[in-house]
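Asker: In case you want the letters, here they are:
Protein chains: 4
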Amino acid sequence: MIKVGIVGGTGYTGVELLRLLAQHPKAQVEVITSRSEAGVAVADMYPNLRGHYDLCFTVPDSDALAKCDVVFFATPHGVAHSLAGDILQRGGRVIDLSADFRIRDADLWAEWYNQPHGAPELLGEAVYGLPEVNREQIRTARLIAVPGCYPTAVQLATIPLLEAGLIDVQDVIADCKSGVSGAGRGAKVGSLLCETSESMMAYGVAGHRHLPEIQQGLQDAAGAPVGLTFVPHLTPMIRGIHATVYSQLNGQQEADLQALFEQRYADEPFVDVMPAGSHPTTRSVRGVNVCRISLHRPQNGSRVVVLSVIDNLVKGASGQAIQNMNLMFDLEESTGLNQVGLMP
Amino acid sequence: MIKVGIVGGTGYTGVELLRLLAQHPKAQVEVITSRSEAGVAVADMYPNLRGHYDLCFTVPDSDALAKCDVVFFATPHGVAHSLAGDILQRGGRVIDLSADFRIRDADLWAEWYNQPHGAPELLGEAVYGLPEVNREQIRTARLIAVPGCYPTAVQLATIPLLEAGLIDVQDVIADCKSGVSGAGRGAKVGSLLCETSESMMAYGVAGHRHLPEIQQGLQDAAGAPVGLTFVPHLTPMIRGIHATVYSQLNGQQEADLQALFEQRYADEPFVDVMPAGSHPTTRSVRGVNVCRISLHRPQNGSRVVVLSVIDNLVKGASGQAIQNMNLMFDLEESTGLNQVGLMP
Amino acid sequence: MIKVGIVGGTGYTGVELLRLLAQHPKAQVEVITSRSEAGVAVADMYPNLRGHYDLCFTVPDSDALAKCDVVFFATPHGVAHSLAGDILQRGGRVIDLSADFRIRDADLWAEWYNQPHGAPELLGEAVYGLPEVNREQIRTARLIAVPGCYPTAVQLATIPLLEAGLIDVQDVIADCKSGVSGAGRGAKVGSLLCETSESMMAYGVAGHRHLPEIQQGLQDAAGAPVGLTFVPHLTPMIRGIHATVYSQLNGQQEADLQALFEQRYADEPFVDVMPAGSHPTTRSVRGVNVCRISLHRPQNGSRVVVLSVIDNLVKGASGQAIQNMNLMFDLEESTGLNQVGLMP
Amino acid sequence: MIKVGIVGGTGYTGVELLRLLAQHPKAQVEVITSRSEAGVAVADMYPNLRGHYDLCFTVPDSDALAKCDVVFFATPHGVAHSLAGDILQRGGRVIDLSADFRIRDADLWAEWYNQPHGAPELLGEAVYGLPEVNREQIRTARLIAVPGCYPTAVQLATIPLLEAGLIDVQDVIADCKSGVSGAGRGAKVGSLLCETSESMMAYGVAGHRHLPEIQQGLQDAAGAPVGLTFVPHLTPMIRGIHATVYSQLNGQQEADLQALFEQRYADEPFVDVMPAGSHPTTRSVRGVNVCRISLHRPQNGSRVVVLSVIDNLVKGASGQAIQNMNLMFDLEESTGLNQVGLMP
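Residue numbers (the numbering used here), protein chains in the order written: chain A, 29 to 372; chain B, 29 to 372; chain C, 29 to 372; chain D, 29 to 372.
One thing to keep in mind: the hints can contain errors.
Which copy is meant is left open, because identical chains are indistinguishable; a pair holds if it fits in one copy or across any two.
[As the list claims (entries may be wrong)] With a straight-line Cα cutoff of 20 Å, these simulated SDA-like cross-link-like pairs (lysine to any residue) come out: (1) Lys31 <-> Arg325; (2) Lys216 <-> Asp72; (3) Lys216 <-> Gly39; (4) Lys54 <-> Ala250.
For the record, the hints were derived by calculation from the structure and aren't laboratory data.
Taking the hints into account, I'd like the entire structure generated from these sequences.
Answerer: So this is what it looks like as C-alpha cells:
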C-alpha cells in the first residue's frame, strides 16, 4: 500500500482526494493536515466520508509527512513552496495541486502571483503533471505540478492541432465556462448561491493566472509562442469545465482533424474523442477522471472549434493528481479511477 | 459472474443500474431491452457509459432474458405484471423496481393504480425488498419488489419507533421532499428545468401512490394500522429525498431514542444513524446506497422528529435493487456498493 | 413624496427595498447608510439598480435620517434597538425589518437572541406589522416590527383556523422550506452554491429564533398558548418559502375550511386563497408581495394541511415593509406593489 | 388604450408578454388565442397572473384579432406566415416574435427552416425590430419582425465596431450562453431539469438558425459580408443570455472603444454601456428590457472582447416586442418597461 499524506485537506480538492483515495485499492491516507481543523474527524467535516475514514485532521508535521510515500498538497499557492523541499530532502515525493510549480519561469510566476517565487531551486526538477504530454518524466519524478483545471481542458483540446502544425499559432481563443467549485470553499460573497445561481458572467478578462500556464503548455506543443485569448466564465453549477477553443487552419484545409485527434489519444485511458458532430456535456464526466473532446468545422470553413469537457475537481485536479501517483508508483494508470460519471 | 438482464433500461433507474453494475465485480449486464431504442448503443444514449459498455438496447425477448441469472425490471407499472411470470417459470429470478408487486393486496393495488392487478397469483411469493426488514426472505426469493423511494426513506425513519411501541400509531406525518429525477425521464412540462428550478411545491396531497405502500410497511412494524399523513414536495434538485417524519411519543418520555436507532441499525451496512443533534444533507448520500438518519425532540417535548435522507435513484431504487441481488446470490451485501457520495 | 431613509442597505432586504421603492410612485429614497460601503454608489454594488439610483451609501447620521419621513432598518438584530429611539424622538417613524421589536416580551427576546434587549421601553408602542392582523394599529404606528419570513407564511396559513377555534391548539406542525437568500448576504461557507445547491437539509430543529415569534402570533389568534413544532429546511433556490402546516380538527369535521379562508381573506390585497385542491408554487410569487394559500384534508380525515407560499424577501420582508409604509402614510395599500411574479 | 391581441400565448414569450402588459399603462390585452387551451383562464395556466387577468384563451379568430390595434405572434415559425397577411389587410398591425419575417431573403429562410417561405410578399414591408438600428422605420411599420434572442445580444455587442469600420469583418466569433427557457416550454427530454441542470454543453455548432439572422444584421452594419462563427451553449439557468464576442482590430490600435460604445448608445434607453473593465452578469437584467455591455482588450492586444447580457425573454423577445409597440403607437419608448432586475 502506498502511504499517502495530504497537506491542507479541508478544501474541495482535499475532500475530492479523500473520496477518490477511499476507493483506491493500492493507496491509504495516513496523514491529513489542517491547522484550522486539527483534531476534527474528516468524516465530521465531510459526512459523505462517514464509514470510509477514521482519520482526524492534524497540525502539519514534517516528521509524519516524511513517513509517507507521497504527499499531496491541496493548499493555496505559496504553501508548497515552503514545505515541498523539506519533504523531498527526507526522501519523500510530492504531488502539488497548487500553482506553485506549474510555471517554469520563476519571474513570470512572481509577476502573476504577486509574490516572489518561494522555491526557484526546485523548478528544475518539477514535472508538469499532464500525463498525455509528460508521461515518461512523471514516472520518475519526485515533484509533480498538477495542471490547473482550465489549462487541462484547453491544452488537451489544442495540443494535437499545434503539434501537427495545422493552425495559426497567433490566433487561439479559449472561451471557458467553469462551475463554482473552481473558486474553492472559501467564504466569499461572490461564491454564494444567491450570487451565482441563475446567472452567468465572465471574469478575469484582463488576465487570469491560468493564462501563462496555458501559454507555456501550448508553446511547448507548437515549438513557438502562441497568441492566446483566454476568457473564463462563471457558470451556475457545482462541477465542470467546458472549454470552447477557436483556432484557424493555416491552409491545410483537407486535414482530417477527427483522425488526428483519435490517433493522438488512441492509447490514452482518460481522453475520449467523441464521434464527429458530437457535443460533450460536462455532466457526462461528473465525478470522473475523463476529458471528452469533440471537433467541429462550422460550415466547413477554416475555423476549427474544439469542445472539451472535464470535471474541474477530478481530471482538473484530484483525479489527475492520483493518475500521476499511479504512474509514479508503477501502477496501472487507471487504478482507482474507473468510476462512471453520475448521470443524471 | 451473475448474468444480468435489464428490461426497460432507458429511464433514470435503468441508467443508474448500468452505472452501478459497471462497477460491480461479480455481475455482468448481458441484455438490456428497450422497444423504442432497439439497436442503439447504451453508451450513445448515455455518454457517461462510454468506455464501460459495448451493449446495445434490444427488443424484449423472453429467451434472451431467460438465460440471465436475474432480470431487473426498470419499467413503468404494469410491465412486470405481464413478463415476470414467464421469467420465473423458466427458472429466472426477478427484481422489479416498479410498483407492481409492492402492495400485497391486489384490490388495493388496483384502486391506487387505476387498473386491474395483472399478476395476483405471484403476490404470494413476492418479497418486499427492504433488507433492513426482510433480509432473510430476500436471500431465497425468486421475485423481489424493490421499495419505492419515499417508502424507503420514511420506513427506515419510522419502523424502529413502531417496533418499539413508542409512538402513537394514529398520528404519523411524513413531510417529504424529492428531487426531480423522481418524476422520471419522461418528456413532461412539469419536469422541465424552467418549471421546476427556483421553485418549491407540494403535490399529490390528496393521495399519492406511495401512501398505501408506506402504510403497509408501517403497519407490519406496528402490528396495527397506522394513521399516516404523507405530503410529498418537488424540490429544485436532481437527486435526493429528505423525509421529515413527525410522531408523538405515547407516554414513554424517558425512552432513549438515539440508542434505540443505533441498536436497531447497528449491523446495517447502509443505514447510518448520525450523532444526536445532526442534520443530514441529501448531498451526503448523492450517488450512494446509504440512508442517513438523525433524531430530534424539539424543546424536549413529546414530538419526535426524524430526519432521513437517501438518494432516490440509489437506496431509493437501483442501489437497493443491487443490494437485494447481492443477498439473493450469497454475495457480501455491500459488493459493488461502497462508493463515496459526491461532495460538493 | 415620502422621504425614505434606509439603514443598512447592503444586504438582500436592503437591495430589495431599493428595487421596490424605485417603482413606488409616492416614495423616494433620500438616504441609505452603510458603514462599510460609505461612498460607494448603490448602483455600483448592485448593477440591477443602474439607471434607477444616483445615491451613494453614507455613514449613518442621525440628522440626515431624522429629516426622512420614515426610516427602514434592514440591519442585523440589535442595531435598531440603539438607533430607533433617537429617530422616534426627533419625530421620525421607523419600520424595522430586523427581529428587534417583533417579540413583546423583552426577556423572551433576550433568551432567544443571547443578549439583553436594548430598548424595552419602546416595546409598548411597537406594532407587529402583519397587516392582515393589525391593519388599524399600523396606520397610526410610529414603530413597526416587520414580521419574519417564516412567521409571515405560517401565521397567514394558520390564524383563520385558530380564530375560528377549529383545530387542536396543542398540535400544530409547521414544516417550512426556504430559499438560501433567507440566510442573508454574509460570506458564510454554509451559503455557498457548492454547499447548498443540489441538496436539501433541515436546520435549527432544536430551536429556531422564529419559533417564539410564530408562537406569539398564533397565541394571539387562538386566545391560548399554542403547541408548535417548527422545522425549517434549506432548499436549493434563491427565493421563496413554502410552509406546510399540519393541524388537527378538534371535532368539527363538517367545517367548510375553503369558505372560511376565502372569507377571512376576502378583502386582503395580498393573500390569495387558491381553489380547493391546488398546490401553490413559490415561483408564482417570486418578486411579488403575495401569499398564496391552499387547503387540503387528505382522505377527508381530521388532519388539515395548509400550503402557504411567499417570496421571503418581499411578503416576507421588504414588500411587507412597504405595505406597512403605505398604510402609515394613508396610501392605497398596494401602491407600488402590484408587480407580477416572474415566471418562468 | 391600445387593444392588444396575442396569438399563441401559452409559451414562455406569451406569458412574458402577459406579465409585462399587465404593468403597461397604455395597453390592454383583449384577446389571447391558443387552440389547445381554448376555454382555460390564463391565470389558471399561469398562477403568477392570478389577480391580473380575467382573460381566457380562445380559438384563433380573425375577426376578434382584427378588432385589436396590434397583434403579437408568440408562435412557432410558420404560423405568422399564414395569418399576418389577413390581419394587415383588415387594417391591423402585427408584431411577430417568431422567425418568420426576420430574414429578408425568402430562399435563405427556406433553406434554414426546411420549408418554403409562406409569405414572401410581406417581406418587403416587414421591419426588423431592433430599435437601436431601425427606430424610424419601426415607428411607421405595419409588420415587425422582433429579433431573436441571440441576434439581439450579439448585434448590440458588435455593430458599433462594424459601423466604425474598426474590426476585421472576416473574423468575428460569437460564443453565446443561454438559459434553458430559450428552448421554449415544449415537453422535450433535452429541456428537463435532470438533463440540463448541473451541466454545460454547446449545441448546434454545425449551424444554428440564428446564424443567418445575425449575419444579415452585421452585414448591414458593416456594409460588407461578415465572417461569423457562432457557437451557442446551453447553461443551467432559466433566463439569460451572455454573448462573448471576439473580433480583431484592423489596425487602428488607438481607437477609444469605450467612448465609441458610450456615444453610439448615449440616447438608448435600454442599452447600458458599463464602465471599462466591468463584467456584466445576466442576473442584473433578469426580468428587464436592458442589454448591458462591457468592453475589453486583454493584454492591450488587437483582440477585442465584448461582453453583452440580456434576458432572453425580455430584451430578447417580449420586452423588445413591447418596445416596438411603444414606438409604433407614439408612446414614450420605455412605457411599461422600467422594471428593476430581480437581484438576487
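Asker: Now tell me if each hint is right for this structure.
Answerer: Hint check:
Within a single copy, Lys31 and Arg325 get their C-alpha atoms no closer than 47 Å, and across copies no closer than 43 Å, so neither meets the 20 Å cut-off. For a Cα distance limit of 20 Å, the shortest separation of Lys216 from Asp72 across copies, 18 Å, qualifies, whereas the shortest one inside one copy, 23 Å, does not. In this homomeric assembly, Lys216 and Gly39 come within 20 Å of each other (Cα to Cα) both inside a single copy, at 14 Å, and across copies, at 14 Å. When the C-alpha separation of Lys54 and Ala250 is checked against a cutoff of 20 Å, the pair qualifies neither within a copy, at 37 Å, nor between copies, at 47 Å.
Going through the hint list in order, the structure does not satisfy hints 1, 4.
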